[in-house]
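A.B. asks: Per our numbering, residue 129 is the first one in the sequence shown, and the count goes up by one each step.
Calculated from the structure, these hints are not laboratory results. The structure displayed is predicted, hence computed values, not measured ones. Treat the hints with care, as some may be off.
[What the hints assert, rightly or not] Distance ranges between label pairs, derived from CB positions: (1) K432 to E232: 53 to 59 Å; (2) G349 to D150: 26 to 32 Å; (3) L181 to S356: 37 to 43 Å; (4) G407 to D150: 35 to 41 Å; (5) E232 to R268: 19 to 25 Å; (6) G246 to G349: 28 to 34 Å.
All C-beta atoms in this analysis are idealised placements derived from N, C-alpha and C, irrespective of residue type, glycine included.
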Amino acid sequence: MADIYLREGSTIYQARLRVGDDTVRKSTGLKCPKAAQAEADRLEQELNAALILDGDITLIKATELLFAHPRRRPYSKNTKRHYTTSLTNVVEVLGDIALRVLDEAKVKTYIKEKLKTGKTVQLRRDLAFLSLLLTFAKRRLDCGVTYNAVKEVDKGDIPDATRREVYLQRHHYEKLLAACTNQEQRLFVTLAVWTGMRHQEIMKLEWSEINPKLTAIQLDGERVKNSSPRRIPLRQEVRDTLAHTPKDQRKGYVFIGEEEGKPQYSFAKRWLGIRKRAGMPKLHIHDLRHTFASWLLQSGVADKTTQDLMGHKTDSMTRRYSHNSLKSLKKAIDQMEADTL
129 MADIYLREGS TIYQARLRVG DDTVRKSTGL KCPKAAQAEA DRLEQELNAA LILDGDITLI
189 KATELLFAHP RRRPYSKNTK RHYTTSLTNV VEVLGDIALR VLDEAKVKTY IKEKLKTGKT
249 VQLRRDLAFL SLLLTFAKRR LDCGVTYNAV KEVDKGDIPD ATRREVYLQR HHYEKLLAAC
309 TNQEQRLFVT LAVWTGMRHQ EIMKLEWSEI NPKLTAIQLD GERVKNSSPR RIPLRQEVRD
369 TLAHTPKDQR KGYVFIGEEE GKPQYSFAKR WLGIRKRAGM PKLHIHDLRH TFASWLLQSG
429 VADKTTQDLM GHKTDSMTRR YSHNSLKSLK KAIDQMEADT L
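With these hints in hand, go ahead and build the complete structure from the sequences.
C.D. replies: Now the structure itself:
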């Protein structure tokens, strides 16, 4: 994305354009900042396009080739969607440049621009995507990429996302159930708390993914966030709630949408009512998944087991959900006293 600015005493916006490895300054000839920004971006893209040589592969083309390249396990729809979002973000700032010219300076420029938005989680995802794309280009594409510029840039200054420390106590969970006005709402809350499934994983849950005895859910990697299939055993509380649906109706999606053969899109509107009636207006849907992980770890379940149940690829993500309950803290204090007497 080009920069625009006003010279002292002038009402005409100037543009600072990133063209290849150089910075070019041009007048937009416009007084309106919105129109001037659009013109500056157009000029920058036009000048960069002129630098693309025969044999160069741009960011967009490289992504198409990445998706088309045969893999033992193809990218899921969710993964492609996340990568496409990152691609859009990068092209918006850097333009559809040739991978050959994507160096440390451009990566730093991208980091600087995106830090202004405060969306550090998305920034890290974008950089991970860029790194994957460069590694793929270096190994599989003959396009002049000889190294991974993202790996050469120090990313230590990118702040971590603010951690949300919210998880339910048992009495909070009971209040949420009491605030549900029908069986479908109770089913959603029960599944979220006792399986740790994500919002959209629950919305798209099919009866075929639940075994006939209602003892486990099997999620295929094709439709989950990290492409990691997982099996989730169901406790009696969940089984009893699922059993309210008659056996002859256990087909298709668990949460049936208005359009035939489609699931419900979102639980968000109903969630607003539930949390308001329960007196917990700031509780997020994702806090129910957070609760599942926290209760597992507080119960002494091993980190690796919790990681598998949550569908996390790394143990560092699972540790973000680790919180000690007051009961476990008291037990630790009592143990300390016993050991020191």
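A.B. asks: Now tell me, hint by hint, if it's right for this structure.
C.D. replies: Hints, verified against the model:
no. : hint                     : in the structure
1   : K432 to E232: 53 to 59 Å : violated, 37 Å
2   : G349 to D150: 26 to 32 Å : violated, 45 Å
3   : L181 to S356: 37 to 43 Å : holds, 40 Å
4   : G407 to D150: 35 to 41 Å : violated, 59 Å
5   : E232 to R268: 19 to 25 Å : holds, 22 Å
6   : G246 to G349: 28 to 34 Å : holds, 32 Å
Comparing the model with each numbered hint stated earlier shows that hints 1, 2, 4 do not hold.
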